[in-house]
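Participant: Sequences are here, hints too, so could you generate the full structure?
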Amino acid sequence: MAADSPAKHGGNILALARTHDLPLEALHDFSASINPLGMPAGVATAMQAALDEAGHYPEQHGERLVEALAARYGLAPESLLAGHGSTELIYLLPRVLRPRSATIVTPAFGEYARALTQAGIPFTHYPLDPENGFVLDPEALVARLEPSCELVILANPGNPSGGPLDPALLADLAVRLAGRATLLVDEAFVDFCPAASLLDTRHEHDNLYLLRSLTKFYAIPGLRAGYLAGPPDGVAALRNAQEPWSLSAPALHAALACLDDTAYRRATLRTLPRLRRQLAAGLTRLGLEVFDSAANYLLCRLPIDCSAATLATLLQLRGILVRSCEDFTPLDERYLRVAVRDSDENRLLLRSLGALLPESATDA
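When we follow the working numbering, the leftmost residue of the sequence shown carries the number 47, and every step to the right adds one.
Since the hints were made in silico from the structure, they are not lab data.
With beta-carbon atoms standing in for the labels, derived distance ranges: (1) Arg331 to Leu363: 19 to 25 Å; (2) Val181 to Ser389: 28 to 34 Å; (3) Thr317 to Gly179: 21 to 27 Å; (4) Val142 to Asp351: 43 to 49 Å; (5) Thr330 to Pro168: 38 to 44 Å; (6) Glu124 to Ala87: 30 to 36 Å; (7) Ser194 to Glu71: 50 to 56 Å.
We put the beta carbon where it would ideally sit given N, CA and C, even for glycine.
Facilitator: Given below as structure tokens:
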């Protein structure tokens, strides 16, 4: 796929339902990594209340969300920038920082490459080896960087790998890059493994930016809400370049309701690991290689001679959506990502896979 072409994504359930004239209830979306608990109960109420503000322009830069985030995490408001999902901020940052070139640690979210291309910034890939569990060696990475590289982008936990990186390792990478390059760490899924986050120590690194999403953990992808944490001077430059009214009133109120719902957060961190373990065990019994994950999705490698794209097509005929990963550098046609859903949906996926996979694989 060319970097200036639209990136491939999961989560196309609405388009599929419309194309085939199906009710959403007839489809099971394992292609989008959304919290299986569904959105917090208070979100709908908050959005309804936000309608009172619909006759007015929203805050220019989501100031109330910034204040709430600063209070929750003990951060300076000047170090935070809200946006309509972290994707907006992925595109904003290279346009403002203007690095001579960049390096993307792969496999990775496809919008990094598109954002750099649209900003006119050349980039290279630094692929992590699936045979080595996608381990990152900061020293080896820095040694491989082009002399012109002034921006390194990676995700923690990895997407689609799901594996968390040690925050001490990433702090070491930020130190190695200091004075040379900015480190952008996409923590879109880190709420599922909060111990992996660098948010508490971000202030120790002037070259470190963190991206955070509220849409995955709180299951509100249709509302679009996210934020960035970084050095105050850099955040000020980003804010000055950001289009005004980025966050709608309903999205702002929904985000605030999510942050207030600590019971939902506790329930997720209690429930999700159990669901993930059960799904991983079932996939392994079917003969798939399942990579370690701390997120709400699992990366799998199919048996030899199995195509993830073909399997995804067959599953779609059964109303099940999964994400084939052949477009993620350096993965190939055998890689598949599945979201962790509730127990009933996970069992449905496993039964369907068992019926479709070669008998030699399911007997493994």
